[in-house]
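S.K.: Sequence:
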Amino acid sequence: MIHLITGIHGFAGSHLADLLVKKGEQVCGLAHSLDNDQNIAHLGNKIKVYQADICDRLQVEQVLDSVRPTAIYHLAGMSYVPATVDSAMFDSHFRGTLNLLESAKELKLKAKTLWVGSSEEYGLIKQGNGLVDECHPLSPLSLYGVSKSSAEMLANSYHERGDLEVIRVRPFNHIGPRQKSRFVVSSFARQIVEIEAGKEPILKVGNLNSERDFTDVRDTVRAYLSVMNVGQSGDVFNVCSGKTKKISSLLGNLIEQAQVEIKVESEEEHFRPNIPVSLAGDFTKLQAATGWRPEISLEASLGDTLTYWREKLS
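First residue of the sequence shown? That's 158 in the working numbering, and the numbers climb one at a time after it.
Read the hints as simulated data drawn from the structure, not as lab findings.
A virtual CB, placed ideally from N, CA and C, is assigned to each residue, including glycine.
There's no promise every hint is true.
[As the list claims (entries may be wrong)] Think about it this way: if two alpha-carbon atoms lie no more than 16 Å apart in a straight line, the pair counts; the simulated EDC-like pairs of lysine to aspartate or glutamate are: (1) 420 to 357; (2) 337 to 461; (3) 267 to 320.
[Claimed, not checked] The following label-pair restraints were derived from C-beta to C-beta distances: (4) 416 to 318: 52 to 58 Å; (5) 215 to 294: 34 to 40 Å; (6) 356 to 320: 51 to 57 Å; (7) 418 to 469: 19 to 25 Å; (8) 317 to 215: 25 to 31 Å.
Assemble the whole structure, with the sequences as input and the hints as a guide.
M.R.: Quick look at the structure:
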């Protein structure tokens, strides 16, 4: 099979490339720039990356025509919720999805496509509702979630019309090595490593009382591959751990692994307004279909994230 990953230079995209290469698969990628390749540089000539703007239909179509993939993983797009408040986010998610799927349709590709959404699509979950399954209404609060849910409806329309085979996933928070320091766990880890290197021993944080469902990115991309192997067009799956952890708990674990004393300071600028206090997903459907379940412990994910930043900043 020929696998094409859009957003291959990114956090999840690079780990998916690692997994596919390890399995001996032929891997190609689509990236906005060929320069920002530090996440996949270790793969060398084991993969081939094409430069294209996902919002440029002609460029996308040219790449698809050159590669003629049999499996497409659509991971390209903006990922950081607080910073994405303009039309570029909608272009990236909606127009990018349209360009990719319409090009695949026009080229008559016999490719199964994995469309990657987000738990942000669910929005505010009322307390006491338990785990969120795939049947829960989509009611996004953030503009990021709105753009993702709109793009998901677009992606599923290609399945409904019989144009393409499209499977959808809604991953919850995933963490691990290579995640940008805009995200909470990676931000904590980077700050700790900077303090270990001599910076003032003050770690700045936002709301430590919120709870999230965290899964290691390597487990997450393993779920993506499992879904592509056995899933049917039209399927939608949560990818999650099924339990929440307080941000304060994660921070405490990271500080325990630190090599210095650290003082924690809360800053209002790090708080995100209008976000769910607690959100956990139900992966029962995914497990029933594929046998998947998380394997990497939260402690290991946190430790590996610290190791990543120690190596990167050394």
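S.K.: Does each hint hold? Answer for all of them.
M.R.: Going down the list of hints, with the structure as the test:
{"no.": "1", "hint": "420 to 357", "in the structure": "holds, 9 Å"}
{"no.": "2", "hint": "337 to 461", "in the structure": "holds, 14 Å"}
{"no.": "3", "hint": "267 to 320", "in the structure": "holds, 10 Å"}
{"no.": "4", "hint": "416 to 318: 52 to 58 Å", "in the structure": "holds, 57 Å"}
{"no.": "5", "hint": "215 to 294: 34 to 40 Å", "in the structure": "holds, 37 Å"}
{"no.": "6", "hint": "356 to 320: 51 to 57 Å", "in the structure": "holds, 53 Å"}
{"no.": "7", "hint": "418 to 469: 19 to 25 Å", "in the structure": "holds, 23 Å"}
{"no.": "8", "hint": "317 to 215: 25 to 31 Å", "in the structure": "holds, 26 Å"}
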